[in-house]
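Start from the sequences, fold in the hints, and give me the full structure.
Heads up: the protein sequence lines correspond to chains A and B, in order. Read in order, the letters of the first sequence correspond to residues 1 to 377 in this note's numbering. Read in order, the letters of the second sequence correspond to residues 1 to 428 in this note's numbering.
Hints are supplied without guarantee of correctness; some may be wrong.
[Claimed, not checked] Take a look, some chain A residues computed to stay more than 12 Å from chain B by CB distance:
no.: 1; residue: 127
no.: 2; residue: 227
no.: 3; residue: 230
no.: 4; residue: 281
no.: 5; residue: 316
[To be verified] Some, not all, of what chain B presents toward chain A, calculated at C-beta under 10 Å:
no.: 6; residue: 100
no.: 7; residue: 305
no.: 8; residue: 309
no.: 9; residue: 312
no.: 10; residue: 315
no.: 11; residue: 344
no.: 12; residue: 349
no.: 13; residue: 412
no.: 14; residue: 413
no.: 15; residue: 417
Simulated from the structure, these hints should not be mistaken for laboratory data. Note that CB positions come from ideal geometry on N, CA and C, so glycine has one too.
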Amino acid sequence: MSDAPIAVAMSGGVDSSTVAAILHAEGIPIVGLTMQLWNQRRLAGAPGMGESRTGRCCSLDDVHDARRVAERLGIPYYVVNYEERFERDVVRTFVDQYLAGRTPIPCSLCNTAVKFDQLLITARQIGAEKVATGHYARVRVNSDTGVYELWRGVDEGKDQTFFLWGLTQEQLSRAVFPLGEMRKPAVRARATELGLAVADKPDSNEICFVPGNDYAAFLKAYAAEQGMPLPDTSGELVTGDGRSLGSHGGIHRFTVGQRKGLGLATQPGGGGTALYVINIDAATRQVRVGEEAELHARELTGSDCHWISGEPAGAAVRVEARIRNRHVPAPAWAEPLAGRRLRVCFDEPQRAVTPGQSVVLYQGEKVLGGAWIDSRA
Amino acid sequence: MGPLPPLVRPRRASLSQARDRAIIGEMAVASMVRAYFDNNANTPVLPEILEDMLPALQGAVGNASSIHQLGQAAKAAVEQARAAVAELIGASPTEVVFTSGGTESDNLAIRGVVGEWRRRNASAPLPHLITSKIEHHAVLNVFEDLERAGYPVTYLPVNDGGRVGPAELAAALRPDTALISVMMANNETGVVQPVEELGAIARAAKVAFHVDAVQAVGRTPVRVKEIGSDLLSLSGHKIHASMGIGALYVGRRTQLRAQQLGGHHERDRRAGTENVPGIMSLGAAAKLAQANGAAEAARLAELRDRMEAGLVAAIPDCGVVGAGQPRVANTSNMYFDGIEGEALVIALDLHGFCVSTGAACSSGAIEPSHVLLAMGMSRRRARSCLRFSLGRQNTADEVERLLQTLPGLVERLRRLAPADASALVRSA
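This is the structure in structure tokens:
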């Protein structure tokens with residue numbers, strides 16, 4: 001289909017709005033789609049969930065903003081409802097992971113299971129062949145192998161490849177990232193130049209369905225709504241040598257590297273050194289704390305390893321590995337193991353390797369792949 | 001690292017091409033000639049009706065309550081329209097109350113009857129109320145609100161053809177039942193309810209009977225005396241009058257408490273300055289329906305039958321909801337197994353056809369239609385349903401174009417749909 005339109009995933013924010021405006025200005029036929037993923041009214045009013053439904057993903061305000069951009073551009077625009085899919089594949093997984101003592105990344109799940117799956121399906125069903133988004137990332141075709149490769153966006157501060165490593169070749173081949181070559185200030189300038197009302201809209205950084213990033217309150221409200229009491233994950237805070245420092249209210253309240261909110265007035269022994277969460281054991285419900293030095297680890301193992309830009313040739317690959325969105329990728333060896341598992345061995349110990357997060361492998365600007373972190377070694 | 005491989009760039013179209021292409025790609029041509037098959041959501045104001053109402057918008061009339069001649073002109077126009085609406089439904093003009101539309105008529109009928117009953121029986125326990133599971137939300141949500149306030153409410157089931165059974169109504173009646181409300185033609189399926197039989201039961205039990213006839217008036221004969229209804233709702237924008245106008249028939253002996261207070265408009269039953277242009281358009285639409293509604297219904301039935309037969313013949317695993325039941329001529333609800341109705345509505349829109357999934361109000365909501373579920377349909381099939389609703393402006397040519405377009409779209413949707421959505425979830 002030579003003249004097949006491109007579907008633009010429009011969130012109502014400045015990035016995706018500018019994508020729509022840029023493609024439109026280039027004369028490319030587009031259709032705007034806004035995903036309705038979560039009904040903000042569902043948990044409104046529950047403790048910690050707030051009453052306001054504005055200013056968040058899928059709020060009426062965001063849909064209104066996206067619609068206004070579409071109107072201004074004169075493009076066909078629709079809101080598509082994926083609430084059921086989003087709840088099953090993203091929200092439920094998010095809840096399960098927290099209760100298992102992990103720290104999940106719903107945005108990655110949303111990209112692979114919703115944005116580049118369900119939305120791409122709808123886009124193709126209605127006649128489009130590709131989906132464009134406001135991600136800061138680039139897709140290139142390797143001219144030697146014909147393999148689609150994921151590359152970091154040129155704006156290092158905004159690069160979003162950390163959340164995209166799970167895409168398949170099929171998904172990558174149908175992804176369009178016009179902002180991958182741009183820096184954020186240029187995007188805002190372009191939005192202003194194109195007269196978009198959202199040009200000055202602030203970036204959203206919180207998880208779209210968790211107001212104020214209060215996970216514990218969300219888990220409680222969601223479990224209550226589902227009529228299933230939260231399993232009791234309370235237990236003990238312990239030191240490295242197994243000494244109990246007291247009790248805690250549930251493992252889902254902790255994440256590796258966390259310092260605040262441990263409920264510990266002083267460091268045992270009175271040294272005054274700060275304590276951090278080192279490890280969360282879902283089976284014993286023990287949260288192990290220790291000094292900052294203990295947070296560092298040289299090795300990690302992951303599962304569901306995926307080589308986004310093609311399988312590696314050798315047994316171990318020289319990479320720069322990133323373990324958090326804003327973590328500076330660190331030199332390491334990545335070794336594929338049986339059963340799609342992965343071992344990453346860093347040259348220097350890295351702080352706060354966190355189960356549930358991703359490890360994403362780079363070679364320079366190219367993304368090689370990633371995996372879900374299971375444990376530090 | 002070797003030299004950078006080339007960037008993947010979307011294919012570039014020239015600007016002049018883009019200008020020619022108002023909408024997208026090859027769909028642009030189709031979109032120039034739009035076929036509107038969503039007349040249960042709204043009907044276009046017909047030119048002759050617009051002509052009737054225009055003077056009222058251009059200063060030819062004043063406020064119908066004013067003493068001066070322009071006020072008198074407004075009053076005369078309103079009363080003329082009232083007579084036309086009354087004649088269309090077999091009522092007398094004093095029994096017609098103008099409202100802002102179907103939703104207000106339904107609210108006024110239900111709350112008005114219940115409110116008056118309470119005023120007269122202030123010390124009695126809250127009375128029992130009866131409605132059906134397939135009502136429009138303008139009725140359903142009012143009953144649910146009353147239920148939350150403590151009123152016992154019975155929601156009558158329907159059979160798999162989408163009809164309320166008179167026996168079920170008779171069984172649900174209680175000595176303290178104060179109101180029965182059942183629609184005449186369902187907005188999603190077009191299935192016509194046995195309102196005469198229901199009305200006879202209500203009359204025998206001396207219980208007030210409200211009929212939401214928003215999708216029936218103008219499309220099938222509606223005679224309030226034959227139905228035996230005490231109240232009956234109708235709406236202008238479903239019969240080619242303007243939006244924002246409707247009416248409620250209130251039988252001479254029906255006890256109704258006004259829900260909106262102010263001046264002495266509409267014989268103290270509905271305060272507020274009359275929407276004179278709207279009322280004039282409703283009067284004109286009523287006259288038009290009176291004059292040739294039957295012939296138009298016959299024409300639409302023929303178009304609908306052609307459409308349904310053509311689609312069923314061309315598309316496997318599709319069918320007509322409520323087939324074989326009495327239906328208003330203009331409405332067709334069809335299922336297309338294996339697809340999401342929402343995506344098909346978008347695909348059709350991009351090809352120049354306006355249709356809807358079920359009721360307009362429930363589009364975008366995650367729940368499949370309560371009407372289809374009440375008929376015993378699976379959630380999966382209910383989500384595949386599309387509603388085609390015809391109107392006076394639709395032509396046989398438009399139906400033929402739909403028959404040429406829809407089978408290909410359904411085929412594409414099915415081909416690209418996940419066989420089982422859960423199989424697509426990555427282990428991630």
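How the hints compare with the structure:
no., hint, verdict
1, 127, "6 Å, violated"
2, 227, "18 Å, holds"
3, 230, "24 Å, holds"
4, 281, "23 Å, holds"
5, 316, "19 Å, holds"
6, 100, "24 Å, violated"
7, 305, "29 Å, violated"
8, 309, "26 Å, violated"
9, 312, "22 Å, violated"
10, 315, "15 Å, violated"
11, 344, "8 Å, holds"
12, 349, "7 Å, holds"
13, 412, "6 Å, holds"
14, 413, "5 Å, holds"
15, 417, "7 Å, holds"
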